[in-house]
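> Single-letter residue listing:
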Amino acid sequence: MFRLCITELIKIAAKPRSYIGLAAITVIVGLIHLAMYLDGLNYISFVTGPVQSSFMLEGNILNGNLVCFIILQTLIIQIPLLVALVTGDLISGEAAMGTIRLLATRPVSRDQIIISKFLAGALYVFLLLLWLGILSLGLGLLFFGPGDLIVLKSEQLVIIQGDDTLWRFFSAFGIAFLSLMVVASFSLALSCFADNSIGPIMSTMAVILLFTIIGTMEIPFFDQIKPFLFTTHMVIWRNFFDNPLPIEQIRTSVLVLTGHMMLFLSIALITFRRKDILS
Amino acid sequence: MKKYTLFFVLLVLGFQVKAQEDAKVVIGRVLDKFNTVKDYQADALIDTKISFLNMLPQKAKIFYKQPNKFRVKSTGIAILPKQNFDNLFNLLAKEDGYQAFTSGSEIINGYKTMIINVIPNADTSDLVLAKIWVDNARNLIVKSQLTTKSNGTVLIEYEHGKHIDTGLADKITFTVEIKKYKIPKAISADINSPTSKVPPGKEPKTGKILITLSNYIINKGVPDSVFK
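Residue numbers (my numbering), protein chains in the order written: chain A, 1 to 279; chain B, 1 to 228.
Note that these hints are calculated values from the structure, not bench results.
Check each hint, because a few of them may be wrong.
Here are the computed distance ranges between Cβ atoms for each label pair [stated by the list, open to error]:
(1) A:G145 x B:L45: 18 to 28 Å
(2) A:L38 x B:V25: 17 to 27 Å
(3) B:G152 x A:L263: 35 to 45 Å
(4) B:E203 x A:N42: 23 to 33 Å
(5) B:I119 x A:L245: 22 to 32 Å
(6) B:H163 x A:T252: 48 to 58 Å
(7) B:K202 x A:P220: 52 to 62 Å
(8) A:A23 x B:A122: 33 to 43 Å
(9) A:L31 x B:K162: 52 to 62 Å
(10) B:E203 x A:N243: 16 to 26 Å
(11) B:E203 x A:G174: 31 to 41 Å
Even for Gly, the Cβ is constructed at its ideal location relative to N, Cα and C.
This is chain B alone, in the form it adopts within the complex:
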């Protein structure tokens, strides 16, 4: 009996190690593809669809430079999720900084994806768990779900087009958890506006931020001064 138990435990451990190795190999291939991009800049159109925000889509310029420099420049006011585009890649770039396990597969937009759970090793990290959907055939992350201590869960969906060879997305949709926005009327001096008729508990719990990226300029150099 003891022999069978030992065999079973070793078998399970073996599968877990194999699963972890597989997951890291898949992530490594995705990163290899992304690492061909040393820097980029792109035009962005940020469309915010959040119940308590009334604004038109905003134009912005996005800059990235390896290893982890990222900047959004906008002439007007742009609203972005705190979990930025590069947060996930920053985590995945440090191979010994996380544990990764495969946990199934799913078909997304006709492509078979592998679901990988990524757990950061550092317990001080704001990110608690990342779940990523990797298109194994094209070495692309097509969806990710980041669970954070401070801002709940953020779902990020990537749509790829022209720059599929570098892994850069043409459209990114962030679905974020939102809290009710309310400030005293005395501060807003908004004395005559009616109070919301939405019954408590019926307010929208999530909002979306859609970022459409275009005019990528890849590996042409981005000066460090941009990020200051």
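Chain A extracted, bound-state conformation:
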């Protein structure tokens, strides 16, 4: 099983598309750092304008914690698309190349193949988030220094003390990992149905976009649907920056996300177990 996972990791590493995500994160985070460095105070004064019209804000507002938070909230919708590029290709890519037949003839069960691909995908997601963390929080603190974090909400500003932020960021990255694993397992499941990569990747992207749009629109009918969409629970990382912490809401979302991940993984296992490999 371990060797199978290593083989899958080598396959991921050998594909140029696996580096698109890392490159995209590097470019986007770099640009946001640069924009914040050059014009960050204007951006801050735009969002804190209603407060600054009546109050004086003292202290280092533009700091590494805030920049990291802005990067996370900007990227968290796009990163699932980068994950799907790799995980949507795990089975269908091999089907398209014809190597899936060879893989299935090896003395390993089909379940082991799926599990190893899932674990390799998980490691890829972890590395993607680790890279994002190093660039956003690490470089953010290096360039802009530490300080209290202003969490921008549509009707409230939450100010968290600087020494109380690190564990929140780690927890947020933990939830982001779980969220991205839902996307990875979803695209892996779709990948089991297809014989080329485009279908599962595009379908995953389309579903995420659709669910995100439904989540954004404030229409009463959609309010009934939203709790059942996994994208609704993917943004729960923000709740770690609330005071007090909405423990119950976080627990519910973690359970929903874990449930979705297990469901998609089960679909992948069942589908691949029954798949008639003709390629």
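On the provided structure of chain A, position chain B as indicated by the hints.
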């Protein structure tokens, strides 16, 4: 009849001049007391109680140096009202810069206070009217209400303790008018948070900022570099 009218007008004018003189004398005594402080620094704990701000009390250090240098230094983010501690004293320090009239008295915390209305002479000033409650016996301002063009009305209440002899307060409470805070969800990326259930017009109209001051260091010198 004309004689009576003239007498009445002169009487009213006389009272007004007397009231203005009285008010300025009282303010002068308060300022004399405050002017014994050439500079000070103090530790501050700033507790913000504003509906749209969710934050813990913040520690800060406050520096003041005559005539009008004032600075708040905080390691974290602190929120203070735009009408600072020293705004009122800056106005009162220029005796020919304002008109002052007494307009009654009030008992506050068991002390009789004189209510004085202060109107700046300059119409370019942001401050339109200041109403101050002066404890005549102790020469202290215990409450003030500043009406400004830009930020509405701010009520400031002072609690004095250890440093009553210099007029420096141990606790200052600012009650400020607040506007509703709202930014588009697309900017805050706060897509899943429910919209406020508070019906329009029922939102809180005021907020409070409580500043507790301690560890005063008075007249020991504060370097100018602090205020840069």
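> 52 to 62 Å was suggested as the range; check whether the CB atoms of K202 (chain B) and P220 (chain A) agree with it.
Taking Cβ atoms as reference, K202 (chain B) and P220 (chain A) lie about 21 Å apart, which means the hint is violated.
> Holds or violated: the 48 to 58 Å window for the beta-carbon distance between H163 (chain B) and T252 (chain A)?
Given a distance of about 52 Å, which is inside 48 to 58 Å, the answer is holds.
> Regarding I119 (chain B) and L245 (chain A), is the given constraint of 22 to 32 Å on their beta-carbon distance met?
50 Å, violated
> That 31 to 41 Å hint for E203 (chain B) and G174 (chain A) (C-beta), does it hold up?
With Cβ atoms ~36 Å apart, the hint holds.
> Can the suggested window of 33 to 43 Å be confirmed for the beta-carbon pair A23 (chain A) and A122 (chain B)?
60 Å, violated
> Given the range 35 to 45 Å, decide if the beta-carbon distance of G152 (chain B) to L263 (chain A) lies inside it.
Given a distance of about 55 Å, which is not inside 35 to 45 Å, the answer is violated.
> In this structure, is the beta-carbon distance linking L31 (chain A) and K162 (chain B) contained in 52 to 62 Å?
Roughly 54 Å apart at Cβ, these two residues keep to the hinted range, so it holds.
> Is the hinted range of 17 to 27 Å satisfied by the C-beta distance from L38 (chain A) to V25 (chain B)?
56 Å, violated
> Starting from the hint 18 to 28 Å, judge whether the C-beta atoms of G145 (chain A) and L45 (chain B) obey it.
24 Å, holds
> That 16 to 26 Å hint for E203 (chain B) and N243 (chain A) (C-beta), does it hold up?
Once the Cβ atoms are compared, 20 Å apart, the range 16 to 26 Å for N243 (chain A) and E203 (chain B) holds.
> Does the hinted range 23 to 33 Å hold for E203 (chain B) and N42 (chain A) at CB?
28 Å, holds
Going down the numbered hints, you'll see the structure goes against 2, 3, 5, 7, 8, while the others check out.
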